[in-house]
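Each protein sequence line maps, in turn, to chains E and L. Residue numbering for the first sequence follows our numbering, beginning at 36 and increasing consecutively. Residue numbering for the second sequence follows our numbering, beginning at 36 and increasing consecutively.
The set of hints was computed from the structure by calculation and includes no laboratory data. Please note that the accuracy of each hint is not assured.
Since the list gives no way to pick one copy over another, a pair counts as held whenever it fits inside one copy or between any two copies.
Restricting the straight-line Cα-Cα distance to at most 25 Å, the calculated cross-link-like pairs of lysine-lysine (BS3-like) are [claimed, not checked]:
id, residue 1, residue 2
1, K183, K225
2, K243, K53
3, K216, K243
4, K214, K290
In this text, all values refer to a predicted model and were calculated from it rather than measured experimentally.
Protein chains: 2
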Amino acid sequence: MISRMRPLILLSNDDSVKASGLNALIEMLSPFGDLFVVAPDVPRSGASHALTVTTPITVDKIRESESLTVYACSGTPTDCVKVAMSCLLPRQPDLMVSGINHGSNSSVSVIYSGTMGAAIEAAMLGMPAMGFSLCDHSLNADFSASVKYGKIIVQEALTNGIPKGIALNVNIPALPAGKIKGIKVCRQNKGSWNEDFIMKPNPVTGEKLYWLTGYYHNEESGAEGTDETALSEGYISIVPTHFDLTAYGVIEEMKRFEEL
Amino acid sequence: MISRMRPLILLSNDDSVKASGLNALIEMLSPFGDLFVVAPDVPRSGASHALTVTTPITVDKIRESESLTVYACSGTPTDCVKVAMSCLLPRQPDLMVSGINHGSNSSVSVIYSGTMGAAIEAAMLGMPAMGFSLCDHSLNADFSASVKYGKIIVQEALTNGIPKGIALNVNIPALPAGKIKGIKVCRQNKGSWNEDFIMKPNPVTGEKLYWLTGYYHNEESGAEGTDETALSEGYISIVPTHFDLTAYGVIEEMKRFEEL
């Protein structure tokens with residue numbers, strides 16, 4: 036039974052309902068209100084802001100207690116937020132939180148991130164929203180520092196709000212809580228993922244299979260004010276993100292296309 | 036055989052190698068250079084900037100002539116650009132063009148668009164890039180005006196360049212060429228897609244199936260300088276997009292999170 040008195044918080048992620056990062060997020064948020072989880076049924080890392088448009092999606096309620104409801108959804112993280120809002124939630128949530136992702140979503144990784152896709156979709160639908168990512172890809176990562184600092188960040192967002200249309204991209208360094216120096220509000224670091232696909236033949240048919248791999252190239256290593264720099268110095272980074280992709284700085288220069 | 040003398044242009048889309056919009060794009064670009072297409076093997080609309088990370092992808096060369104090479108790829112539009120750059124192209128292309136999408140990618144639709152996902156990925160990898168979308172979803176849409184104006188835009192981009200890290204989001208109204216008033220360089224219109232899923236039971240099992248639908252809500256109808264306004268007035272809209280999601284305008288306000 037979802038209370039009308041306590042805050043209602045929508046949760047999602049891209050690592051699936053089975054991810055230990057989601058359990059850590061539930062632990063982080065349970066002091067603050069009633070939790071409503073709609074998360075992918077299987078891992079959908081790298082889903083970005085994708086939608087499922089050519090097939091229907093399904094949802095399956097897998098847990099329900101007084102203050103926690105959990106649905107597994109066959110769609111993307113963005114689908115999870117949309118179907119929660121359209122069909123599943125009893126009312127508009129007070130907050131949406133995505134994560135805790137197994138692995139960093141700093142710098143340009145935010146573009147590919149399903150964790151942040153869900154948070155940005157929530158911001159598009161008018162909710163205060165944030166995504167948490169721990170800079171540790173391992174399945175058994177230690178989320179205790181993330182939970183500790185996450186509670187502080189969520190408390191502040193619930194008490195004093197965050198601007199409409201903004202989703203916070205929160206990344207936590209893979210350090211014990213005692214080694215984390217604090218929080219820095221940052222801009223997105225300039226960098227790129229340079230891809231090397233590993234080609235391995237299908238062992239049965241011989242067909243060429245390309246597996247995505249790649250390495251991150253930091254184009255402004257040590258630059259002041261970026262999320263990468265904050266993380267490398269032992270701080271939690273918060274980048275306020277929005278969904279207006281317009282490159283305002285080049286509009287004047289591009290006006291020459293109007294003369295064609 | 037790809038020439039070293041003529042420009043090399045990489046093409047992709049999200050409607051698949053079979054889409055008539057891709058044939059229109061080939062017609063548009065063939066006067067300018069050698070064309071190298073890597074596009075999804077089946078439609079992947081709404082793919083946004085998604086990557087395929089849990090399975091390998093495959094590529095299949097389906098056409099090769101003197102100035103046109105076509106690969107069908109099992110991955111997303113972003114995968115297509117990445118695998119083209121890593122494994123398939125003989126050299127760095129001079130331009131990347133995505134589309135022509137069957138349907139508008141103006142306003143916030145750019146966030147969900149696989150067409151623009153591919154173009155933005157190309158910009159991230161250092162190429163001048165643009166995506167074309169015709170505001171007509173039909174399979175048999177008339178692309179002749181898009182081809183005519185697209186040639187003018189591509190000629191300008193090849194001659195005078197576009198800034199590094201920028202992908203142009205070009206939307207063309209569904210009008211005959213003679214009715215199009217010209218080109219406007221715009222910002223992304225404020226609006227949102229408000230979802231209504233249609234729930235229909237699976238006719239065999241009875242399981243609830245949710246089909247995505249929804250309607251666009253224009254939050255600033257008629258506002259000056261937006262792509263929606265330009266399109267509604269009969270202009271082609273060009274929004275220069277980038278991949279820095281930082282909401283710079285709220286960083287100072289958010290600095291209060293550093294005091295926690």
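Okay, the hints, checked on the actual structure:
1. Taking the shortest Cα distances, K183 and K225 never come within 25 Å of each other, neither inside one copy (29 Å) nor across copies (36 Å).
2. Taking the shortest Cα distances, K243 and K53 sit within 25 Å of each other only across copies (22 Å), while inside one copy they are farther apart (32 Å).
3. In the homo-oligomer, the alpha carbons of K216 and K243 never lie at most 25 Å apart, since the shortest distance is 47 Å inside one protomer and 48 Å across protomers.
4. With identical chains, the CA atoms of K214 and K290 are at most 25 Å apart between copies only, with a shortest distance of 21 Å across copies and 50 Å within one.
The structure does not agree with the numbered hints 1 and 3 stated previously, though it agrees with the rest.
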